[in-house]
Structure formats: C-alpha cells, structure tokens
Amino acid sequence: MQHIKVTVDGTTYHKEVEPRTLLVHFLREDLGRVGTVVGCDTSNCGACTVLVDAVSVKSCSMLAVQADGSEITTIQGVSDGNDWHPVQSAFKECHGLQCGYCTPGMVMSSIDLLNENPNPTEAEIREGLEGNLCRCTGYHNIVKSVQRAAELMEGAKS
Amino acid sequence: MTDVVDTGTALGRPIKRKEDARLLHGQTNWTDNIQLPGTVHMAILRSPFAHAKITHLDVSGALAMPNVVAAFGAAELGDLNSSVPCVWPVTDDMVAPDFPALAKDTVHHVGDCVAVVLATDAVSAVDALEAMSVDYEPLQAVVNMESAISPGSTLVHEDKGTNTCYVYNLGGGYDEKVKEADVVVKRRFINQRLIPAFMEPRSVVAAPMGMSDEITMWTSTQIPHILRLLIALVTGIPENNLRVIAPDVGGGFGGKLQIYREEILVAQLARKLGRPVKWTETRSEDMVATHHGRDQIQDIEIAAKSDGTLVGLKVDLKANMGAYLQIITPGVPLLGMFMYPGIYKMDAYDFQCTGVFTNTTPTDAYRGAGRPESTYAIERIMDELAAELGMEPMELRRKNWIKHEEFPYTTIAGLTYDTGNYELATARALELFDYEGLRTEQKSRRDSGDRVQLGIGISTFTEMCGLAPSRTLGALKYVAGGWEHCTVRVLPTGKVEVITGTSPHGQGHETAWSQIASSILGIPVEDIEVVHSDTGRAPYGMDTYGSRSLAVGGQAIKAASERLVDKARVIAAHQLECSPEDLDYVNGVFQVKGDPEKAQPLGAVAFEAFTAHNLPDGVEPTLSAEATIDPQDFSYPHGTHLAAMEVDTETGKVTLRKYVCVDDVGVQVNPMIVEGQVHGGVAQGIAQALYEGASYDEDGQPQNANLSTYLIPSAPDLPSFITDTTCTPSTTNPLGTKGVGEAGAIASTPAIMNGIVDAIRHLGVNDVLMPATPMTVWKTIQAAKGGK
Amino acid sequence: MIPVAFDYKKASSVQDALAALAAGGEDAKLMGGGQSLLPVLRLRLNAPSVVVDCSSIPEIKGIKDEGGKIVIGAGTTHHAVMNDPAVKSSLKVLADATASVADPQIRHRGTLGGALAHSDPRADQPPVALALDAEFTIAGATGQRTVAAADFFQGPFETAVGPDEILVSVAFPKLDGWGGHYEKFNRAAQAWSIVGVAATVRMEGGKIAEARIGLTNVGGTPHRASAVEQALVGASSIAEIEAASMHASDGLSPFADEDADVEYRLHLARVLTARSVAKAAGIS
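Protein chains in written order, with the numbering used here: chain A, 3 to 160; chain B, 797 to 1584; chain C, 423 to 706.
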C-alpha cells in the first residue's frame, strides 16, 4: 500500500492505496465518488474522463498512486449542488444525452475542449470528442450542446 | 363544451427532460453504484474455448485465496444451477438445448460460464479466479452456419443430434406466380453479427432484505417485470418474495431485454449465502457474454413485370442462434418475417427461416430485432431490381408502394397497415436532400471518371411497432402478452404519481409520460412523478422493447388519467353541490358551468378523497385509477431516408456526405426526444453499414472482443443529420402515436449500402458486404473490374 | 478488469529509474505516460513485478530548440509536442502525426518517448522519427549513448533500448522551410492506421529538391521509402509524384490482418505516399 494525498472536487483526501488501483476505481470505491463511471477496459470509451490538474484524463488509464499531489475535478465537482456549469446547461438544453452513461465523460471532455478552444468549429468539436463514445445520440445533439456551451461561456465573459 | 383541457401546455412540446439534472450532475443511480454492507463480489471463470469438454475442474484453490467466501462449479452449485429460459418456442418441434447457468461438462462458446468465486472485494474475487484448476479437451468448433447444417457436421449439442433449431415457413404460391414475371433478381445478402455495446456494462446486485424472505434484485435490465417472473420460475424463489429494480440503466438496444445466466447466479447465491451478492461485467466480458444481434444469411429473390410492377418475393433465411437459445432468440428472425414485403404491393410471398446452432455467443434482440434485417433485404433488392430494369430506384418504389388513399392495407404477409403517407414523406425528403442536384453531380463525376464517385442511397421503410396484441403474440407461440399497465394517483398534497409498467433506459419516459398525464390532468409536468422499473412500486408491466412503450404504455397512461378525472369529477360535484355533468375541468380545476368562482382543484379533491370525511355514497376513499391496455394492433411508423455516399475508388474509403430522413412516427408527445431517437438509431444503422461486425475465426475465437477491435463510431466518424417528420396519426391507439425507438436503425443501413453500390455500380458492382470497410470496397471494385 | 498486483516506484530522476529497473530484475517495466501499458495490464496480458513510473522525471520533459535541431525529452506529452511553436514551424510533419495519435485525453498523458520506445508497428510517430533521421539518446548504467533512428526500431515492440536502459530524449534535425504532411488512413477515428505516410519535402523552384518519407504499419518496423525519396527529386507534378510513389512498396513484405491483406497494404502504401507527398509539396 502507498500513501497518497489527492484533492477531489474540493475535498483533500489522505488514503492508502494498492499500486495497481486505477484512479477510477479509487474515485468510485475508496471515495464513493460514483458520478464517474467505467465503460470499457481498453481506454476507448472515455466515460471515466476527469480533469487532473485541469486537463482531461481517462481515469481508467492512470493509477491512483500517480495522482498523488494532484487536484482532480469530476462531474460531481464542476458545479456546486444545484448549480449548473454552462456545459451541463447546454447538454440539457440541446438534448445532448439520452441514457446518460457517457455523459460524465462527455461533459468533462467538452469542458477541456472549450478551455483549450473557446470557439471551436463543428469539425474541431467532433475531433475533440474523439475519445468519448456515445451509443444513444449519434453525437448530433452532443455537438450542438458544445456549440451552445461555447455561446453561453462567451456570453458569461462579456 | 364539457372538458376544456389546455393540452397545449404539455403534449407535443419539446420540453426539456426531467431526467437530465441527475444524469448531468453525476447523481445517477447505476447498479454498480450500489454498495450494501456485507456484499460479496462475484467473478466468473469463462471458457477460453468455443467448444470443449471440461475434463477437470477444482475450485478449491480459490477458497484458499485471501478474502474469498465461496466458490462454485456446476457440481458444487447442484440444484441451484438453474437453466436460462427461452420463452418463444416458435415451432412445436423446435430443438432447445439445455442452457445451465454454469456449464456442466461441455462449454459451447467462448465466454461460457464455468465457475464462480465470491470474495469480500472485487479485486480479490478476480485474483482468486487464477487459483482455480481447470482442464479442457478442445472439440471441433462449428462456426459457419452452412457447414453446421450440412450432413456430417460436428454437433454443437451432441445430445440433440442436429444443428438445426427449427425450420419455419410462411406463405406459398411464389413458384406459381413467378411464371408471370418478366424479370427475376436474386441476391444473397449477409446481415453480419453485431454487438449491442450499450455504454453501461451489465451489473447485478441481489440481497436478502426488506420483509422476511424477500430478495431484492437491482439489475441493469430493460425488463424488470418479465425478469421477476422468469427468475422466480427458474430459481424457485417465490415470485411474491422477489422484488426487481432496474435503477438508472445506461442503454439497452435490446441487449438488456434478457434474463442472463449471471442474473440467475447472483439471485441464487444471494439466497444461498444469505448476504448481498454483486457482479459487474468488464467490457471484455460484455463482448462475449451479452447476447449478440443479427447474423443472418439472406437469400432473396424478387420477381417483377418489365414495367416494374412487383409480382412476388421469396426469402430463404438462415439465422444464427449461437450456442444456446436465450429469451426470444428463435423469434427474432420471425419478427422480420412479416416485414420483407416492406411498403410494397405484390401478389406472392414465400418465406422460410432455418435457425442454426453454432459455437458462438447466443444471438437475440438488437435494436429493431428482425426488422432491420428484412428492411435491409427488401430495400437493397429494390435497388437491384431497378438497376436490372433500368429504372430510377425511387420511381420503382413509387410504382409499387401502397398509396396513401389505399390505407388501411393488408399486405401479402398478412399485416394490416393502418395509416401512412409514403408520398408525403418522400417528397419532403427529396426536397431537403436536393436529390436532383446530387443526381446531376453524380453524372458529372461518372462522366469525368472522378476518383471520388458519388452515390445516392434510398430507403423507404416501414416497421411494425407497439409489440403487441396479446392474441397475436399467442398465435406466434410467444409465451406472454403485449399489454401495458398504468396507475395514476393523486396524493393528498396534490402531487401526482404516474406508475407505469414501461422501463426506460435513455428514452426519457419520466418526461414524456408526465406530458401525457399533464395534458389530461391539467397538472404541471413538474408536479408529476413517473414511477417505473421497480416491481415493488410499479407491480404490473411488460417493460420496454420493440418501440412499444409509447404506442402501448402511452394508451394506458391516457386511459388511467381519464378514469381518474372521472372519479374526481364525482367527488368534486359532491363538494360543489352540483351534478358531475355541470362541471368543466380546466387546467386541473373543476368549475361549475356558468359560475367559475365555484371551483375545486384536483389537489383539493385528492385531499377530500384522503380524509374521506365527505365523500358521496358509494365512492371509495383515495384518488387513483388504473388501466391495463392490450393494443388492438401494431403500429407502423415509416419514413424516407436518403444518403449521399462518396466512394474513393482508389482506396475504397467511403464517406457519408449528407444524410436526410423524414420519418412519420404519428403523433409526437415530445419532438425533441423523437428527434434524438432518430439521430441515435440512424447512427447505429450507419455503424452496421460502415464500422461494426463481430466475427469468429474457424476455431470460434471472437475477433472483436473489446472496444479497440469492435469499432463503434465516434464523433468524427459521423456527420450531422438533416431530419424532419410528417404525421399520419396511427388509428390503432387513441393517442395516434406509432413508436420511434428502432426506426432510425432499421432505415439507415440500407440507405448507406444502396448509396455505396450506387456510387460504383457503373464499375460493375452490384453488392458490397457489410461493414463496408475500405478493403472490402476496394476489393469489390477490383473484382468487378477483373470480371469485365 | 483489475491488473495483477505489482510494486510501484515513482522515479524522480533518470538515475533513480535506472536503479529501480536494475533492482526490479527482468519483470520490471518502465512506464512513460502509461497509455499503452495500463490497458495491457488491465486485460492481464502482462504482469510486471514492478512498474517504474517515469512520468515525473523533470530532466526528460520539455522541448529545447538547439539551433540546428529540436531536442524533445522522452517524457514530453503528445499534447505538448503538437502544440509547441518550434515543432509546429520546423517539424510540421511531427506535429501533424502527433495530433493524429489517439484522442485528447490520451495525448495529455501519453508521451513521445513512450510511444517511440513502445514501437507499436501501427504507431504514427515512429515513421516520422525514421524519415527525419532523429537521434535517440539512451541512458544506461554506464552512461548515455546515441542511436540513429535507422538503428533504433528493431522489430514489433522492440527497439535499441535495452531492458536495463531508458530513453532520455529524441533530437530532430530542424527542417525549416520544408513542407510536411502526415497522411493517416484508418477505418474509424478511434482505429489505428491501416497505413500511414509521413512525408516532408524541400522545394526549389517549384520542384522537389529533397524528400523524406516514412511509412507505418507496412511491416514490423517503420519503413523508410528511400527509393521514393530518390525518384521524387525533380518532380513538379502529380503525375511525377505518383510515378515516384510506385516505389513505396519496393522491398516491403507486410502482414495481413482484418483491415488489409498484403496486396491492399502494398497498394495503399503507393497511393497514400503519393497523396502525402503532394500535400507536403503543396502540389495538387
């Protein structure tokens, strides 16, 4: 077991973990942060995407011990309680989700995408979400959601 | 004017979904999130062989591993090793092999369950699998359907003496009628094997809790009600002691329309160990152990007059059952059986289907279940016939489809299509697509010998939805009905519960069902809670599959809501000292005609019904009403889908440039949800055409057993879609709705493939196998060139 | 799934990593960004005794412009490589190929050095390193040595980096003024390249004066299309580029898989080489 200290959604945790523990399992099972989900075992689906030190990472492809000293934001930390992050609002407004299982990862990837490119084209949005699979929406409304989120975030700035 | 209800407040509006708040904040209740005190985690030892004798199995090594509570092979499990049931024996002489949850002495496909271990944490359980001792004697695997049914083939199930599950026939008379035809076109189409690959892996938790002897089971399923019954039947757990809950479920597409061996094992072991048992599959397990879809060889023959008038159709189908029969495995091809004639008029139709066992993962329902296959075959061969006749493919369709004034129309397959307007949907689609403009561009690319050729793919489809009238299902030997239930309750606080028997997993029932109830009760959508997917809270239901939830379940909501208003009216009249006929019901308030100041809102009526201090004689306390509705017939959504396909003839790479679809799904409760369903369905159909396919090598080893080898399209692989709708209300249900869950997936595959063939037909190509990978397309072009 | 248990050592320096490797014996495994290794461990296809994590070694991170060459620390992430101004201007083909690797999340963690040392025959960056005559600096117990790209890639998942060594950096000669393009051909966005062609060319008076071509997934190691490079000199039209690119399949003996048989792979090598060169040269 190794000792790690991580901050997840604003709370700092001190935990002992086995080296083989994947970050996503640490979040779900050790911390009970079950908003982040597991969809595959080959790093394809992106459902487990979180922000580690402000950039998007597949939490199934990182060890919990590697997160020692990091600050992690999950879907449960992007907005407080009943508040809505503009990306969350846009996904609801544009019907960018159906079953919702890919949604935590889609939202986190979209936040990262918009952080890096606040005004993306449709092609840039599609490329930027390449690492996230959705089986319900055909991506049509997810793309619209990200476009809408970009507008909302731009509007919030001015 | 008696009942003035402002239905405009809810029905038909693109209301944002109630479900989204929890889904977008990570506050969802997936089964794998459930962690009860004392839970033991199950891990499964699965067969690495497609066909083998288990010559030795010793689970005791696992018991010595840390944190292990128990381990079982078939021998240790004994009587608790229940078999997986099939509820659709399609013929009297259908061959149904035993399908024990744990294989007894022979494994029949890669992924077959051999043993289980239970430990206090999931990691220990997986580690302990490696301490089990197992030896196999590999047997020859049967993978190819045609080899399987040829004489002398190795048998998947030695004791059954055959690999043929059943032979089913419908129709007759084609061979006589074909003599009148001028043209006959024959093709063999392959509808490849697909994997549902819903995003949420399956997960089950079962626990002895609640009242004495009760087992509560949470599972990621589409069918909590059917599952409760079947688990009770196969395990012997009394049905009244079993509660099944499908919490938030992350997609299904038919893949969770099942009773899985893992669900049986978890239920049995929770009972045996007297503590919560949990199992969550890995994606790699999912790819071999969740049922697959499609996998049919379609030999199809169409006969026509030289002017294009259809004479008849003959279909000879081979359908891969896989190694075992699951819940409706044998029936899936028969759901397609009725739909081969599509939207067309003809005089003869012969159908035969042979169900075949192979050493592969069992097949069963996958989005459309039988109907995508039949639609693919008829829409593809209509294009082939048009090419043979030298006719414009849309013109051939127009000549043969049922005209809008001919509805209701009984097809050659015996179904009566209630309504539709193919002309209208097609006209709208052609306009949105710029059909003529693209045909012009296609010609100029052909003329110039452009490296990139353009093709136009057409699919004018219909499907049967709203499964189904119970009598019809009975006639087809399906061992259940097709009804749906709803109870509507107004609580003393005025809040409303709509208790439905449907079980959503992404479809937005909580929102749409609220809209239906709101439109009748006049209560705001926000004040209505839809209760579902819990046999403890919603005891009656037939669940969600086959695009049935709205067409059947919606009727029950409407009927129950209306009955509730009727009861409330009697109580309100008593309170307001008038006769029930003297009341208007406006936006949730009973008003005395001509004196709207004298009024009582529904919530107040509910409180009166609760206190029961002043009810009219003969009226029982509480305000609720229920309805159980058996549909009078199927519903028939239809639409016209058009795809512009670019084919790089130098590399074989195919690009979908433009996709237009105009669907007629009848009356829409929530157009935003309808459009979303169309997008997702279209994407899944495109995925079959271009990307997905599960194959096996000759030893029965799966070649696509994870998501890096089974290619699901991601966002850059698809364009945005152009969608629209037309509306001819269904007459088989009072809401006029038809169903939309499967439409896109049924329609889009042939549109894509017709577009690809159309792009390269001038090179001598008349079919391309799915998925149309770059190599497949390039090889097809090379072969056609070589053949000239 | 969950990996088999292993020990974990976070290396703080190259010396630290080498010591951990030596102590760990033959089942020790170096991890760069972990984006290839962790899925393999999850599927239990590999069970190392100890994982030596190199993702936090400062001395192997970062990109330095050293005049005639750009030196990229092995632990530099794909995301940093593709967005680096010097790489974008002087090594466009590397920036392009790197941007085509996997997806944004993986590019945030995965590293250039990790990908090159992993040497997956389908990977997108090895043909760039080969075509650009990159130089690999490898550290071992006895100090550092440099290896030319031509000697670095030795087979599928096999490189000049020994089991007790670590890749420190990769130096790319700057190609200022050269045109570059990476032509990736795959079945779907998430799929590996069926064939990929890295092309970089120097133009003089509208003609190709020099060209460097590397192909991926046409054999066990990346392939340098030297015959094409020679034949391209002087080419100024599509027809000439296509004719020269016919040599792209010279001497290849690719394998067959679900995506491509031998004939199709050879065909793609030729066609995609022509396309990549044409784009690099700005000739259409």
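Because the hints were derived from the structure by calculation, they are not lab data. From a predicted model like this one, the values you see are computed outputs, not experimental measurements. Among these hints, one or two may not hold up.
Stated by the list, open to error - Below are the DSS-like pairs computed for lysine-lysine, each with C-alpha atoms no more than 25 Å apart in a straight line:
hint, chain 1, residue 1, chain 2, residue 2
1, B, Lys1239, B, Lys1195
2, A, Lys94, B, Lys1581
3, B, Lys1195, B, Lys982
4, B, Lys973, B, Lys812
5, A, Lys7, C, Lys483
6, C, Lys701, C, Lys491
7, A, Lys146, B, Lys812
8, B, Lys1114, B, Lys956
9, C, Lys491, C, Lys451
10, A, Lys146, B, Lys1454
11, C, Lys491, C, Lys514
12, B, Lys1141, B, Lys973
13, C, Lys596, C, Lys510
14, B, Lys814, A, Lys94
15, A, Lys146, B, Lys814
16, C, Lys514, C, Lys451
17, B, Lys1581, B, Lys1239
18, C, Lys701, C, Lys514
As the list claims (entries may be wrong) - Which residues of chain A face chain C? A partial, calculated answer using Cβ under 10 Å:
hint, residue
19, Thr51
20, Met110
21, Leu115
22, Glu129
23, Gly157
Glycine residues also receive a C-beta, built at the ideal position from the N, C-alpha and C atoms.
(request) Taking the numbered hints from earlier one at a time, note which ones the structure violates and give those numbers from smallest to largest. (result) Numbers 2, 4, 9, 16 and 23 - these are the hints that the structure violates, sorted from lowest upward.
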